[in-house]
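The listed protein sequences derive, respectively, from chains Z and P.
Positions 1 to 192 (our numbering) are the ones given, in order, by the first sequence.
Positions 1001 to 1207 (our numbering) are the ones given, in order, by the second sequence.
If you're looking for bench data, these hints aren't it; they were derived computationally from the structure.
A virtual CB, placed ideally from N, CA and C, is assigned to each residue, including glycine.
A hint or two may mislead.
[As the list claims (entries may be wrong)] Using 25 Å as the maximum straight-line C-alpha spacing, the simulated BS3-like pairs for lysine-lysine come out as follows:
1. Lys1188/P / Lys167/Z
2. Lys1042/P / Lys1061/P
3. Lys142/Z / Lys128/Z
4. Lys111/Z / Lys167/Z
5. Lys142/Z / Lys36/Z
6. Lys128/Z / Lys148/Z
7. Lys167/Z / Lys1026/P
8. Lys1026/P / Lys1056/P
9. Lys128/Z / Lys167/Z
10. Lys1054/P / Lys1083/P
11. Lys1054/P / Lys128/Z
12. Lys167/Z / Lys1112/P
[Said to hold, decoys possible] Computed footprint of chain P on chain Z; a stretch qualifies when at least three of its residues, placed anywhere within it, have a C-beta under 8 Å from a C-beta of chain P:
13. 33 to 45
14. 118 to 132
15. 170 to 180
The chain contents come next:
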Amino acid sequence: MKRAIFPLPIFMLPEGYTRLRIFEPRYLNMVKTALKNNTGFVLCTFEHDTPFNISAQGCLVDIIDFDQDDNDVLLIDVFASQHVQINDVYQDEDELRHGLVSPCNTPYWYKDSNNQIGEHYLLHDALKNVFDGNTELNLLYKKTHFDKLPWIAARWLELLPVSIEKKQQLAFETNFDNLLNFLHTVINNEFA
Amino acid sequence: MVSQQQSPRCEPNTGKYTAMPETPSKELMQALLDVAQSRDKKAFSYLFEYFAPKIKRFGIKQFGVEAQAMELVQETLTSVWRKAHLYHSDKGAATTWVYTVMRNASFDMLRKMKSNKEENISEDIWPLLNDSQDTHHEYSDHLEDKQIKRYLDKLPIAQREVVRGVYFQDMSQEQLAHQLNIPVGTVKSRLRLALQKLRNEMGDQHD
């Protein structure tokens, strides 16, 4: 399927939410079209060395809410429904990028039901604290899944102050155990 | 073992024979002060003669290569020449101060070598300042400016409410420290450790 693509220095995984400020005409058009046709658009990582700065994968997002800020700029809340592969990127006359996107099952650990919270409850507790302590984050997330370890790991990965590149490496290029180890080291100081 | 042509400053002041020559602390301190106060070249060459072989030995241990050890000698002693005015006798022995300068120079070199070889750890964690200057306009305003967010926590609450944006992307190290109730320095070292472990797990194929 063909979708408009919005490259930003952002890291998002399925079932994540984020808020964007939309003011450029090309992206206002993108939002208009996405709402009209109920198609959403693709949010991907801004790359410095790829055609049109588009990364190979991105997240298909749905616009779930909108508002405006104090300067009357459009704000949209988006929900990442799915991770997608992006191909055949081109740019239209308004400099909006489009591409052919196809669903992919990455990160592969995300849907693995064997990943139980169990011994990893500290990751759960600490994330719960973050949500409880941040009204914005709490309001942004219309749906949470604190009972699912992959959801918890994904949110931590989005939130932690490491580079997008490292986040991608952790999400897609290493196994779930390594990711959990990483999180435990940072969050619980476990030198396992 | 004791050189016949020792500089007079280096004369052991006890007059007693010792297997290890004593550190001429007083002389070194005086030389350093002379360099600081009057850019005394003779005093500097005295410091050079005393420290160069020791720094070189440390450098060889550190880098395993003589060329780099010599670079460390040069880096350290140039810094000593330039920064001597920052030394005060009440800060402790001249040797301590010079070795601190040496250690810093050595860390700098290691860091440089590392960033040539692989990614610099600090850039892994703080990519925002160097990154994306050229393409900044492309997206800067679509996301709440992260750098502003980073300063948020330092603002008084009232101001924070004004600046605090619409947008929540990721946490600053300060925010994470606050959340976990630990010092920022601890966050930094845990992140560094975690990244290092990750690198070990994944081998070198990504560097």
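- [ ] Mind checking the alpha carbons of Lys167/Z and Lys1112/P for me, to see if they're no more than 25 Å apart?
- [x] Roughly 24 Å separates the two Cα atoms, so the pair holds.
Task: Restraint status (C-alpha distance of Lys128/Z to Lys167/Z at most 25 Å) - done: holds (21 Å)
Open item on the list: Would the hint linking Lys142/Z and Lys36/Z be met if the CA-CA limit is 25 Å?
Closed with: holds (22 Å)
Task: Restraint check for Lys1054/P with Lys1083/P, where alpha carbons must lie at most 25 Å apart - done: Answer holds: Lys1054/P to Lys1083/P is near 19 Å, not above 25 Å.
Open item on the list: What's the verdict on Lys128/Z and Lys148/Z, does the C-alpha distance respect the 25 Å limit or exceed it?
Closed with: holds (12 Å)
- [ ] Could you grab the alpha-carbon distance between Lys167/Z and Lys1026/P and see if it respects the 25 Å cut-off?
- [x] Violated, at roughly 54 Å.
Open item on the list: For Lys142/Z and Lys128/Z, compute the direct alpha-carbon distance and say whether it is at most 25 Å.
Closed with: holds (15 Å)
TODO: Confirm or reject the coverage of the region 170 to 180 of chain Z by chain P under the rule of 3 or more residues with a beta carbon closer than 8 Å to the chain's beta carbons.
DONE: Holds: 4 residues of the region 170 to 180 of chain Z have a Cβ under 8 Å from chain P.
Task: Lys1188/P paired with Lys167/Z [C-alpha distance capped at 25 Å] - done: Holds, at about 16 Å.
Task: Given coverage of the region 33 to 45 of chain Z by chain P, checked by CB-CB distance under 8 Å (3 or more) - done: violated (count 0)
TODO: Take a quick look at whether Lys1054/P and Lys128/Z sit within 25 Å of each other, Cα to Cα.
DONE: Roughly 54 Å separates the two Cα atoms, so the pair is violated.
Open item on the list: Under 8 Å between beta-carbons, do enough residues of the region 118 to 132 of chain Z, three at least, approach chain P for the coverage claim to hold?
Closed with: holds (count 3)
Consistency note: the structure conflicts with the earlier hints numbered 2, 7, 11 and 13.
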